[in-house]
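Asker: Letter by letter, the chains look like this.
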Amino acid sequence: MTQSDNRKGAGRLFVVVIIIVILIVAGFAAYALSHKPQTTTNKTSLVVEEGEFPDSLDPAVTFSTPGWEIMNQIYQGLVAPNGTSVTTFVGVLAYNWTISPNGMNYTFYLRHNVTFSNGDPFNAYDVWFSIYRSIIMDQSPEFILGQNLAAGNGINFNITANILNSINYTNPNSTDLYYMEYPNQSVQVVNPYEVIFHLGYGYNGYHPYNAFLMTLTTPLAAAVDPRVVEEHGGVVAGSTNSWMDTHAVGTGFYELGQVIQGQSITLVKNPNYWGNYVPKDQLNYAIQPAILNTITIEYKSLASRIADLKSGTAQIIEAPVQDYNTLKTIPNVNVSLLPIIFGSSQGAYFVYMDPVAFPAFNNTSVREAITYAINYAGIIKTVFDGYAVQWIGPIPPGFPYYNQSIGNLTPYSYNPALAAKYLAQAGYRAIFPNGTVVNRNNPFPSVNFLYTSDSTSETEAAQIIQSNLAAIGINITLTPLTFPAYEQVVFAPGNETTQYPMGINFYTEDFTASIDYVDAIADGYYIGTSAYYNNSVFNASVNASATFNQTAIIQNFSFITHTMYYQYAIDWLYTPYILSITASDVTGIIPNPAGSGAGYFMFYNTVHYT
Amino acid sequence: MIGRKELILFILKRVIFSFFVIIGTIIIIFFISHVLSKNPAALWAGPKAKASTIAYVIKEYGLNKPLYIQLLNFFEGFFTGNFGIDPVTHQPIASEIFYYFPNTIELVLTALIFIIIIGIGLGYISAVHFNSKIDDLIRLLYTTAWATPTFLASILAVLIFTSYIPILPSGGMYSPGLTPPPRITGIFVLDAILTGNFADFIDGLDHLILPAMTLAFLNFGIVTRISRNGILSVKWMPYVKNARAKGVDEKKINRYHILRNGLIESNTVIAVMFGWLVTGTVVVEEIFSWPGIGKFAYSAITSDDYPALIYVVIIFTILVIIANLIADIMYAILDPRIRLGRGTR
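In order, the protein sequence lines correspond to chains F and B. Every letter in the first sequence is one number past the one before it in this note's numbering, and letter 439, counting from 1, is 446. Every letter in the second sequence is one number past the one before it in this note's numbering, and letter 41, counting from 1, is 179.
It is worth saying that the hints were derived from the structure and are not from the lab. Please read all numbers here as calculations on a predicted model, not as lab measurements. Some clues are possibly wrong.
Said to hold, decoys possible - Listed next, the stretches of chain B that the computed footprint assigns to chain F, with coverage defined by at least 3 CB atoms under 8 Å from CB atoms of chain F:
id : stretch
1  : 227–241
2  : 408–420
Stated by the list, open to error - Restraint-style ranges between C-beta atoms, simulated for each label pair:
id : chain 1 : residue 1 : chain 2 : residue 2 : range
3  : B       : Ile340    : F       : Trp250    : 28 to 36 Å
4  : B       : Leu205    : F       : Ser173    : 37 to 45 Å
5  : B       : Ser190    : F       : Phe490    : 50 to 58 Å
6  : B       : Ile340    : F       : Asn103    : 38 to 46 Å
We put the beta carbon where it would ideally sit given N, CA and C, even for glycine.
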């Protein structure tokens, strides 16, 4: 045989290879077509697709939206936000409550016949255990309760992990009852169906706290079955419980079905749900039994999520607002911009300047120059296709008291000429829009500019700000960090910021209350607050949180807002909108900014198909 | 053929050498991770953690001890099989590795099968049609595939096969709601076969095909190119001409003289590629939501979870070493001229 025979052989091999590949692909295609992804023809289950797997399944540990989303379906607290409201509440495990005239004591009256999904009965002992467990474990979100509650009273009473682990919660003896019924403590059991929360033991000091009920809607305050915890390692002070991190037994309408680590979590209807036996006229949206049998939350890349929405595999997805125009073109899908309060609850962004870390920022004219140099509208248009709003903090737009606190203030404007004027006034080299350069021999010192490279929007915004500032003569060096490292710089109190005296910062809610933002941004907890933070601001913040008088709240918030505004130490950038994206036959979603379901609602029990 | 004694000595030397490579890697990654992570305790304690919580984490992980003590403690844990608790996920690191690693092996082995079929097949065709249009076409194909960024190929694959032609799942290892087979090897489709669970097997394959094909598409080019070159290098060798002149059947010439000798390098590259693919699955696993060691590594990197990351790197190192060892052994067996560093005479 010759070369041509060789070629014929190769040709045959080529054909064989192609046939094998075609057969493999065709085989799978045929199979896949015969098992086409389920569309919404199955009206008893729902597939939700998001980006990030929960950090933990322990309500005392998880501190992320995906984690809280799962917690809110499996565990329940005493109260929940009332429908779409962020200021009124409905009873969940409590059917009623009263607040003492001085605002320091909250008495909750608990429902009878509530059980955990394993059949264990629920009562006030479980509330007592659950709250102290969260406080003693002392994980990231603990401060939400720790502001007002503590394990000890500072004088003669202190609850420890050992005490929590030693108590018989089913049949408590006299010693057990002594601990739980002791009056001078944060959580006092009155009887198995009545419990009092005494405020004033936390780090806020002896003050009422008008957002206290909202803090109780978080998973931190959810009822955990002490018998289950004790069977699986108990409570260890300052530490997590690895069993509880991956398992969940609550009183909620759903229970944990299947967990495929890193891929999906399936919630199945709790067959023993106590709400099944509550008369219909006594039900509210937060306790009504689930309509759908299963909720599967899959954690996928954005490309996969959009593809699955198109194909009908997923009925609800999370996607950034930048994809709004693309998503609107998908048939049989409802996409809408949620009111800005929802965007605010996920993140309100600003540029900080830290005078302590970078002395040039002590000069108000420098801060004003930077404030007027930033093209806010340009950032919103370029980075978010216009789907974001400029704001004035620290209260984010849409939150209670936002409009009243800003009064007649207008968001910072882009004015390069004014920016250059202020920079020149500060004595630094300044470039005017007409090309004029003044103070040529005194250039502004270069400064590091922090942002997180994990966020494309922050990266783009940082680049625009760099360009804006360069236009007036300020050179910033972009210094991105991964999100966890970035978070440690911007959220850690008293952190060393010399390396990052300037950058993009943001705040996302811990619980839905204006005071949460004010406390964090205005109260010296953040970096770069020295320009405006003083006793007056601190007192205003305390007063705003401690009173139930609406006028007083507004006055205090307004004072803080105006003080910060005129110090120009924080340049309020943008609050992006967030999207509601559902298949057109999905209904029953009750949006609430406190919710984590797909980022914007509390509970899946009301969700169903038309 | 290579002598048994020589081969054993050869492997022994390599194993001893590999041991020191692993120790060296551990020390390097340990120090690099400690230098890069300035305040790991704060990171592990979570955002807004109190000083008391951070102090607990510092004590728990011995971060207050000198670095060399921390390293010694690490080695003690490593050699006693106590990998410790992941400071971020709060789960035993060993159980995390045992969960994620087989998933990656499943993905990589499947991709490797595609790579072998497509890579060698096209390499052979290309060599036989040397300098023809078919050759040009194949070269264009593998160069394009090789040059395509992983994220781009993955996203395109998702868009094409799950959105425009929705025939395959967009991600995950198996359908939620499916009862997985009892864990024997940890490799889903293999366990499904071993337990006779056909539905799981099909569902597993269904999820496997797209990420595996994507990984194969991105990497078959190197095998094609080396196969082509290898075949070309022996195609006109005197012993081939001699065989032909002696009237040996062309099929036998192809099989025993050209392919066997021409594919020596391809075999070794495929062995090396195994380690290469395992370490290169990070992006593919992330985009296809494949719960493998690459996704775990990505998560560990972005959260400064270096206790977990060190073990991931150790796994990667061991795999690369084993892959290279296998390649060396195969090379030595297949080409006696090269074995044991003697080279050709």
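Asker: Run every hint past the structure and note whether it holds.
Answerer: Now for the hints, and whether the structure bears them out:
1. 227–241: holds (count 6)
2. 408–420: Our answer is that it is violated, as 0 residues pass the Cβ test (under 8 Å) against chain F, missing three.
3. B/Ile340 to F/Trp250: 28 to 36 Å: Once the Cβ atoms are compared, 34 Å apart, the range 28 to 36 Å for tryptophan 250 of chain F and isoleucine 340 of chain B holds.
4. B/Leu205 to F/Ser173: 37 to 45 Å: Hint holds: Cβ distance 40 Å, inside 37 to 45 Å.
5. B/Ser190 to F/Phe490: 50 to 58 Å: violated, 24 Å
6. B/Ile340 to F/Asn103: 38 to 46 Å: violated, 54 Å
Hint violations for this structure: numbers 2, 5, 6, all remaining hints satisfied.
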